[in-house]
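Chemist: Letter by letter, the chains look like this.
There are 2 protein chains.
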Amino acid sequence: MATIRDVSKIAGVSVATVSRTLSKPDKVSAKTREIVNAAILETNYKPDILARNFRTRKSSTIVVLVPDIANPFFSRVIRGIEQTAQSLGYAVLLGDTQGDLERESTYANMVNTSQAEGIIQLDSHNPFENNSDVPIVNACDCVRGTDMPTIELDNAAAARKMTDYLISLGHKNIAIITGPLDSTITQDRLNGYKEALKKSGIKFKPENINVGDYSFRSGMTATRLLMKNRIPPSAIFCMNDEMAIGTIKQVKLMGLKVPDDISVAGFDNISFAEYCDPPLTTISQPAEEFGSKAMSTLYRIINQEGTIKKNIFLDFDLIIRNSTGPN
Amino acid sequence: MATIRDVSKIAGVSVATVSRTLSKPDKVSAKTREIVNAAILETNYKPDILARNFRTRKSSTIVVLVPDIANPFFSRVIRGIEQTAQSLGYAVLLGDTQGDLERESTYANMVNTSQAEGIIQLDSHNPFENNSDVPIVNACDCVRGTDMPTIELDNAAAARKMTDYLISLGHKNIAIITGPLDSTITQDRLNGYKEALKKSGIKFKPENINVGDYSFRSGMTATRLLMKNRIPPSAIFCMNDEMAIGTIKQVKLMGLKVPDDISVAGFDNISFAEYCDPPLTTISQPAEEFGSKAMSTLYRIINQEGTIKKNIFLDFDLIIRNSTGPN
DNA sequence: CTTAAAAATGTAATCAATTACATTTTAATT
DNA sequence: AATTAAAATGTAATTGATTACATTTTTAAG
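Protein sequence lines correspond, in order, to chains A and B. No gaps in the numbering here: position 20 of the first sequence is 20 in our numbering, and each next residue is one more. No gaps in the numbering here: position 13 of the second sequence is 13 in our numbering, and each next residue is one more.
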């Protein structure tokens, strides 16, 4: 492999000039630039990125911490991250934590060792005990009470909107299948749900809450339990689309019809939501935008450019399809 | 940040000893090891990975080239890659190419600049014009006629099995919705389909082939066209589950029933396949295993350990659900 | 107690780029 | 033509770990 010295020798200039030709071409005269570029071609010189990274203390790499890459919502977020990262000259290291704190901190520490310049955390957990000065952005499921910048949805408002909509259809006994209770998203959405009930003068019943884990199966299980309530719900609001699809399956399995007997609503608007039967009423989230906003914010933090908004809220939409109907 | 020299000064040993304590502790006496470790704790020393990478010419990083991370099959493959990579001490750089050759070669070149030690390519395309000596493994959709090791399915056999099964149900007019024609997977599966027809003495009709792009929508469009055939098919075999789900939707939209009027089969066995209505008959592929096998093979290539099997074939399964029935 | 071999440790070069600072060349002005 | 400022280029230090080779210490054998 040719080094910058080989190039400089052939071009008859110093290594500094070669280096400048590559990184600050306007500091080099047109004539020398040509000579150097010719020498680069001749030697097929490729800068050694490891040497450059080492010298400049920059890896042009960021780490994404994601609870599960196979989750269709997260994989879209990551697509957004990757695209923006690429356009900003950054590479994306994938840290699929599977909820394991040890794996999370292994990846998070890559910043301390300069392997990565920053972190995008998609889980509601601060990977650093005390607020550190590591560049980090928290997206999608965001922790409260840290000074990490966040890219989030107004989850309470979204859940309120969905609950309001179900109430407007005449439902009074609305069950909710949540995500894990320690997640901020779950808490916010639960609050929104309760607020909407209260506003409409509907009494909140604890038996109408069931905890899931975002999987199809947990949607089915939770539904089975909810339907055993003394007064079974006439509508079930799930905190993601997979659980809602599990719910639809379970409801059908019990010989009931969606939405005639029971309305089902989801959250996320994954691509499958439009194709299940009946198509799913849900809240759409701009998944790719979460990713690109998180990446561009992280970029500004790393490079200390412009001002950083502490909390960025993205828009959601209530997507009404046929899984919900009048009570 | 403390350097290895700070540690060596405090421990009263040479930098070589500190380095050895970290990388080859058995070459250091127990006593010195203790002293050095104490000094490491005291200084909170973390080895500078950039310096180490530079010196050792290793980045402990590999690149995954994937056509689309948001595809649920690929995201599972990547989960398998990531898990195995982590256990082997490698980090995974995500290269979502979106089918763009330029982005692909940008990522592929990271190996030439030592940013990555190897590549896992999930697309049927050789990112290097001429067979290079870059460590690379080709998984899932594999190119023919290169010397890249592959991790693949016997796609022809799988398609044959599915077609045989449909024939065994009494279907004679079986349509197929393919992926892009330049993909090896598509070609192999198409061959398997044709072989099965031939074996059963069924004449292959070109009008029964329609090309899709693996999206729900293309499944719908292709189905609409196929149903306009002079003799519409009684079964439709789709080369992935998304298109099959689109097909089911379109069939229902036309007022027909699955499987009573038309049988629909998919490929991949993504998690939704079990939850759509009716549940989808499909071919299951060991997605995570594709990933882990690809990673462990790449590891052996990079580190020149053991022998490398040129082509590894994984098992598939015909999963019979309710989207297919007798003609 | 020697002596040889093995184990432990130390010295200093090395990796390939970047860049502060020094020097030379060019351009502009009088 | 002389002077000065600006632009271009060069010199050599620097980054932090690894490691070949040299040296010292320990262990084992006679």
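By construction, these hints were calculated from the structure, which means they are not laboratory data. Model, not experiment: these values are computed from the prediction. One or more of the hints may lead you astray.
It does not matter which identical chain is used: a pair holds within one copy or between any two.
[As the list claims (entries may be wrong)] Straight-line distance between alpha carbons at most 30 Å, and here's what the computed BS3-like set of lysine-lysine pairs gives:
| hint | residue 1 | residue 2 |
| --- | --- | --- |
| 1 | K198 | K27 |
| 2 | K58 | K198 |
| 3 | K161 | K172 |
| 4 | K24 | K58 |
| 5 | K199 | K24 |
| 6 | K309 | K205 |
| 7 | K27 | K58 |
| 8 | K293 | K252 |
Chemist: Determine for every hint whether it applies to the structure shown.
Modeler: Hints versus structure:
no.	hint	result
1	K198 with K27	neither (67 Å within a copy, 70 Å between copies)
2	K58 with K198	neither (52 Å within a copy, 60 Å between copies)
3	K161 with K172	within (15 Å within a copy, 51 Å between copies)
4	K24 with K58	both (17 Å within a copy, 28 Å between copies)
5	K199 with K24	neither (62 Å within a copy, 66 Å between copies)
6	K309 with K205	neither (38 Å within a copy, 60 Å between copies)
7	K27 with K58	within (22 Å within a copy, 33 Å between copies)
8	K293 with K252	neither (39 Å within a copy, 39 Å between copies)
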